[in-house]
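> Sequence:
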Amino acid sequence: TYAGQEVGGIKINYVPSFKKDTATVDSLLSKLPDNMRQVVISMESFTASPSNGLGEVKLMKVRYVPTLNLSIDGAAAESAQRIAALEGIKNFQKQIVPLSVSGFDARQVSIAADRWDGKLGGEFLIIYNRKENVVWYMQLIFAKKKGINPFASLNIDEERRYAKDLLLTITIVP
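Numbering (this note's numbering), first residue to last: 68 to 241.
Please keep in mind that the hints were generated in silico from the structure rather than gathered at the bench.
Label-pair restraints from in silico Cβ distances:
id : residue 1 : residue 2 : range
1  : T134      : N216      : 48 to 56 Å
2  : A219      : S118      : 18 to 26 Å
3  : D101      : G214      : 37 to 45 Å
4  : L166      : R130      : 17 to 25 Å
5  : P241      : G120      : 28 to 36 Å
6  : L221      : D101      : 41 to 49 Å
7  : E154      : R197      : 31 to 39 Å
8  : L96       : D184      : 28 to 36 Å
DMTMM-like, lysine to aspartate or glutamate: derived pairs with alpha carbons at most 20 Å apart:
id : residue 1 : residue 2
9  : K157      : D184
10 : K212      : D184
11 : K231      : E123
12 : K231      : D172
13 : K157      : E145
14 : K87       : E73
15 : K78       : D172
16 : K198      : D140
17 : K211      : E123
18 : K128      : E145
19 : K128      : D172
20 : K212      : D181
21 : K212      : E123
22 : K125      : E145
23 : K211      : D224
24 : K78       : E111
25 : K157      : D224
26 : K125      : D88
27 : K161      : E123
28 : K128      : D93
29 : K161      : E225
30 : K213      : D184
31 : K128      : D140
32 : K157      : D181
33 : K211      : E154
34 : K211      : D181
Just so it is clear, CB atoms sit at the ideal spot from N, CA and C, and this is done for glycine as well.
With these hints in hand, go ahead and build the complete structure from the sequences.
If you want it as structure tokens, here you go:
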């Protein structure tokens, strides 16, 4: 059986390999206001090729200064808000569920929206190691468009189920 892969301090049962994405980190850090840049000790980003209907598979790992008192609920709400603010988003819905991953505080964020002539969905898992002040953000995005077939299904339930099941395989590497 496939035992999964380790990436950025987590283990996940996803077959396509994650690769370090320094361009995203450089871009994000350059856009951060000074007060935020001062509280980030390190930031890593990893992406993997999409499979099984997923469109984007991304992991961010951010270590903050010990003095920063981070709110995981705030982080979860903010991740949903970033999607809600995208161009073309209508009928945005989100659901945030508190859970625990490897004994750490976590939030699963499910989003759904209409975007242009299709459906957009996402499943995020945010895990917070309070002791180390490290946050992992796993982001799985999927979408369907009508395209040339006017009868094409815009149902993204299957992709959502797969994304949710994938998030359940995540553990923190001790």
